[in-house]
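S.K.: Okay, here's what each chain looks like letter by letter:
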Amino acid sequence: MNQQQNEELTRTGPGTLMGDLFRRYWLPVMLTRDLPAPGGVPVRVKVLSERLLAVRDTDGKVGLIGEFCAHRGVSLWFGRNEPGGIRCPYHGWKYDVKGQCTEIPSEPEGSTHCQRIKLAAYPLLEINGVAWTYMGPPEHQPPHPQFEFARVPAEQTYMSLAHQECNYLQALDGGIDSSHVSFLHGDAINSDPLFKGSKGNEYNLKDLRPQFDVGPTEGGINIAVRRNAEAGSYYWRITPVVLPTFIVVPPRGTHPIHGHVWVPIDDENCMTWSFSYHPTRALTPQERAALEEGAAIHVKLVPGTYRPAANRDNDYLIDRAAQLAGTKFSGIDGIGVQDIAVQESMGAIQDRTKEHLVSTDRGLVMARRTLLQAAKDLRERGTTPPGVDPEHHKVRGAALVLPHEVPFAEGAREALRALPGVPPASV
Amino acid sequence: MNQQQNEELTRTGPGTLMGDLFRRYWLPVMLTRDLPAPGGVPVRVKVLSERLLAVRDTDGKVGLIGEFCAHRGVSLWFGRNEPGGIRCPYHGWKYDVKGQCTEIPSEPEGSTHCQRIKLAAYPLLEINGVAWTYMGPPEHQPPHPQFEFARVPAEQTYMSLAHQECNYLQALDGGIDSSHVSFLHGDAINSDPLFKGSKGNEYNLKDLRPQFDVGPTEGGINIAVRRNAEAGSYYWRITPVVLPTFIVVPPRGTHPIHGHVWVPIDDENCMTWSFSYHPTRALTPQERAALEEGAAIHVKLVPGTYRPAANRDNDYLIDRAAQLAGTKFSGIDGIGVQDIAVQESMGAIQDRTKEHLVSTDRGLVMARRTLLQAAKDLRERGTTPPGVDPEHHKVRGAALVLPHEVPFAEGAREALRALPGVPPASV
Amino acid sequence: MNQQQNEELTRTGPGTLMGDLFRRYWLPVMLTRDLPAPGGVPVRVKVLSERLLAVRDTDGKVGLIGEFCAHRGVSLWFGRNEPGGIRCPYHGWKYDVKGQCTEIPSEPEGSTHCQRIKLAAYPLLEINGVAWTYMGPPEHQPPHPQFEFARVPAEQTYMSLAHQECNYLQALDGGIDSSHVSFLHGDAINSDPLFKGSKGNEYNLKDLRPQFDVGPTEGGINIAVRRNAEAGSYYWRITPVVLPTFIVVPPRGTHPIHGHVWVPIDDENCMTWSFSYHPTRALTPQERAALEEGAAIHVKLVPGTYRPAANRDNDYLIDRAAQLAGTKFSGIDGIGVQDIAVQESMGAIQDRTKEHLVSTDRGLVMARRTLLQAAKDLRERGTTPPGVDPEHHKVRGAALVLPHEVPFAEGAREALRALPGVPPASV
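Chains as they are written, first to last, in the numbering used here: chain A, 103 to 529; chain B, 103 to 529; chain C, 103 to 529.
Just chain A, same shape as in the assembly:
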């Protein structure tokens, strides 16, 4: 990769190539429990390098609007939430939750000037405890997301959020590249309450030379990874990627399915969304308690914030004694923190001109190419990108053992579809 490509892939502010691409999708931006109460104090949110406010009016309607008053640029975070909208503290301009200015008190009675004033404003869609937004051209707003984790009943799903201090692409690269599991997460998958005990773990740790078979899908790509299983058969783990940044981790044993969505805050920070759900059963109280403590791919946070408790300022609480003793390969606790640690350690934006990629990086190479191509097709030809159509969301990660002679595309065809009521393919 040259420097220009790295810039193109990692910049997502307004007007950038990749920024335009991200603005064609519904993106998770907040937990709904963090939305303001009706008539409550607005909440500051930064997404794709835009400073925004989540607002809720006294009638309970929510919206995501530009932070600054159109008049003189005062932050509306200081505004007063009144019936009908938020009023700027400076000159009393008032805006509804769609960013429409509804009143300029200094204007003559009957003036319609305010109708011409509108802030950037994006819809907020609440599904199962998560608020999603769409920041692109209204005429291209897609139907609502259909990711299975967001559509199963609330008791079957859990979603968490962590602020990661690096560019989104380092996180996505990591999510795609499952070959690191045998190293970085080698101990954790056998001890984590939502990973341990599966036959798949054994295959995973025994064969350190996985074969990657990567191919395009309607919504993005599939990364099929093959390891040796019993004689005559392969253990397949297939990770679907739906553009721009949705991935599903193939499940293990009877555990829930996990996955991520990454949303750029700005070019040097991203929101790491992590979900765990089961297609056909409720999460158990034990599972939910563990997830809230940072189990599986989730992360324990500094209370009152979305910053991981183990973070760059404390070297991720690395336990060198355990690392040297060999009882914990990375010395760092927890799959989620392990990922964040290595990804942040590359710097705010990894210098990809210095990489040396190998065969197990085929997935991330193809993902980067697909993202870049989709962004160029959108800009140059207006092509709707993969993953916009909610039908593309209905995918699952799958883990299964297949005889040597069965290609995964055949043997896992059904397993990769998110079919309501059908249990996952899990080993």
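Note that these hints are calculated values from the structure, not bench results.
Just so you know, not all the hints are guaranteed correct.
[What the hints assert, rightly or not] In the DSS-like style, the derived pairs of lysine-lysine whose C-alpha atoms are separated by at most 27 Å in a straight line are:
no.	chain 1	residue 1	chain 2	residue 2
1	B	Lys402	A	Lys148
2	C	Lys308	B	Lys196
3	C	Lys456	B	Lys200
4	B	Lys456	A	Lys220
5	A	Lys148	A	Lys196
6	B	Lys308	A	Lys196
7	A	Lys298	A	Lys308
8	C	Lys148	A	Lys456
9	C	Lys308	C	Lys298
10	B	Lys298	B	Lys402
11	C	Lys220	A	Lys456
[As the list claims (entries may be wrong)] Label pairs and their in silico Cβ distance ranges:
no.	chain 1	residue 1	chain 2	residue 2	range
12	A	Thr486	B	Gly117	46 to 54 Å
13	C	Gly231	A	Leu459	37 to 45 Å
14	C	Ala450	B	Pro509	43 to 51 Å
15	A	Asp453	C	Pro138	53 to 61 Å
16	C	Glu109	A	Asp453	20 to 28 Å
17	A	Arg135	C	Ala450	44 to 52 Å
Here a beta-carbon is modelled for each residue, glycine too, at the ideal position from N, C-alpha and C.
For this one, chain A is given, so just place chains B and C on it according to the hints.
M.R.: Coordinates of chains B and C only, in the frame set by chain A:
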């Protein structure tokens, strides 16, 4: 406004368009109580992006000189104040309070080399507890300032200082644009001990659609703002602006007159000077005590600093409960802090390309144009700018009720002049 | 000096003019006591703007390698130190202490791909408690350094390290320019246990107009400084500079010899190495205890760090009362801290376009020219720079009294050579 104009108006370092303009005026830079004692430790000051030292020699003479030794660039703040001047700690070069190098100990006896070495040096003028400087070409140094607040007896006047974390122009814009009083300061003018109880407040709060009548004066501009009073009459509030950044708030009832001068520290910080004085009487002990506590347009500070106690790091101590309950419109306490909060919330330098100005912004539009024109006339034709002549300083803000048929320019003519011994026009 | 020259002289990152010069020398980078234990945790080091790790494998071999894994850029500081090398926590790539990749676990058995992967790697040479490295082209690696401080028996020498928050050249300028001793260190040389009581001090403080006689040597330059002594004789202090940044302070009385080497961390920080040694005797316990407390040119540190306890954030603990009273000229304690204080006060990189140099600056002028010329000769003609040849290291500072008619070059010829077993020329 385009980005180039915004840059031109907001940059005031050496050699900039607006920097050259500011360097033609006397500017307040310190409270005299913060000047060093005779022979005392120099005080670091930054003005118009220049790092300076206020020095006082053992004879009591003061000066404002460049911070760094002309020899090798060592900060003279570490120097020793000796009879005759300050001596650099590195090689003993010595400078008097005019920045003249008076000794280079390593030079041969009788050498006159030191006479050719001179630091930037600016005069310090002490008036009523405030030290002013002039940073322009010596041959253009104007006579001493004649602002009324600086010329009435000390017992009639009070001046304070706060460090504001944004460009000076946001502060000046706010000082000019009095239409925000009915909103941002709507509660405060009725509760502040130096604003409350006047008839003017009633007019102010009743008519939210003030009419702006803006026109040039010899020293800058007048912003006359008209609101409905009793039938057949208007309540006029007239704010004189003297270039570059002096404004007077029209008085209320029997209260003192207030006003501001803003002085750029650098392009992202300014010193907010606030004054309160009465032309014909001493301030009462109650008034003075209230001013020291941050009443009127003054600000309560973090002890030992000039940083407001309510500042961006604590969200200006906003009281959301009071704001939502409607008992305090902005939720922020104090007129001075309210102004600083909204102005700082625009960012270090407001992006004026995104503004939507309306009729009540006529004052600030004209002020910006006048500043820019004055700076260009100075640069291109050497024209002495408005406000340099101390006669231009002798203005007052005025508040008065006039019959519909009397134009303010006629009815307020005398009231706008700062005539010694004449009480202000105040309603 | 113009701005271009200042840039050329102060930038030392990879590929810069001066960076290429520095990369031709052995440079001290760490105290050996800070090297990892065998198989221990790597230590992060930044030298010449490169982020490096000092590593020691389980066999005890040490090396200095690039911090980031060649694969995806993860910091190997988080790696596990295993027999044979350090393993990246992400995908298990393994590197030996020479930066050679020795294993890529995901590659097929028998693959030799890892042989083509090598990190930046530099040798670590341990001499008398100090670890040196050479960061240039291996084919140009010079023989080991022969500085006398590094070659006398361990009991005769002491070396310390401080992190200085400015460009290396400000430090070197200061080391060369000894005319500041009479001012900045005027009190200290009479009170410091490793400076006080010498006849030289008297000469030093009596004649404030030293004459500089500067000339080239094989390894750099000699700065001979002449002051009046008894009638008919001069007190000479001769400071050898060996490129790029080695200087020796001429000794005083029976005290040890002191000196510095400065190594750029990056362009705004440098490591200040300070040494004290005696060519013919062990340091006494009293001397060693004083050195460890920051006597002579050493510095007392914040425990657990290399940051001086007196630093820019506490204004170097300046004692203004003592300064004003005249009992301590600079108000700052300690020769080492005094130097750092004035040098840092110039800013991270001194703006040399604003200097006014005088005759006592002849030494630093010639040093800068010599550095620049050596760097250009290296780049343009491949000329091996002065100071690379270890024979050039065998110099000493010398202090001696000579009759007027004896030129220093003659009278001090032997005294400037570091001859084993020969006591220093010291007054």
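S.K.: All the hints need checking, so say for each whether the structure fits it.
M.R.: Going through the hints against the structure:
Among the hinted pairs, B/Lys402 with A/Lys148 is inconsistent with the structure: their alpha-carbon atoms are about 32 Å apart, more than 27 Å. This hinted pair checks out: C/Lys308 and B/Lys196 have alpha carbons roughly 19 Å apart, not beyond 27 Å. The hinted pair formed by C/Lys456 and B/Lys200 meets the criterion: a straight-line CA distance of about 19 Å does not exceed 27 Å. Restraint check for B/Lys456 and A/Lys220: the C-alpha separation of about 12 Å stays at or below 27 Å, so the hint holds.
Between the alpha carbons of A/Lys148 and A/Lys196 the distance comes to roughly 22 Å, so the proposed pair stays at or under 27 Å and holds. A threshold of 27 Å between alpha carbons decides the hint, and for B/Lys308 with A/Lys196 the separation of about 19 Å falls inside it, so the pair holds. Pair hint A/Lys298 plus A/Lys308 holds up; C-alpha atoms about 15 Å apart against a cutoff of 27 Å. Between C/Lys148 and A/Lys456 the CA atoms are separated by roughly 19 Å; this keeps the pair inside 27 Å, and the hint holds.
For the proposed pair C/Lys308 and C/Lys298, the alpha carbon gap of about 15 Å is at most 27 Å, so the pair holds. With a CA separation close to 19 Å, the supplied pair B/Lys298 and B/Lys402 stays within the 27 Å bound. Restraint check for C/Lys220 and A/Lys456: satisfied, since their Cα atoms lie roughly 12 Å apart, inside the 27 Å limit. At about 52 Å, the CB distance of A/Thr486 to B/Gly117 agrees with the hint of 46 to 54 Å.
For C/Gly231 and A/Leu459, the hinted distance range of 37 to 45 Å is satisfied, since their beta carbons lie about 42 Å from each other. Checking the proposed 43 to 51 Å range against C/Ala450 and B/Pro509 shows it is violated: the Cβ atoms sit about 59 Å from each other. Taking the beta carbon of each, A/Asp453 and C/Pro138 are about 26 Å apart, not inside 53 to 61 Å as hinted. Hint check: C/Glu109 to A/Asp453, Cβ distance near 23 Å, so the stated range 20 to 28 Å holds.
A C-beta distance of roughly 46 Å is found between A/Arg135 and C/Ala450, which places it inside the suggested range of 44 to 52 Å.
In terms of the numbered hints stated before, the structure departs from hints 1, 14, 15, listed from lowest to highest.
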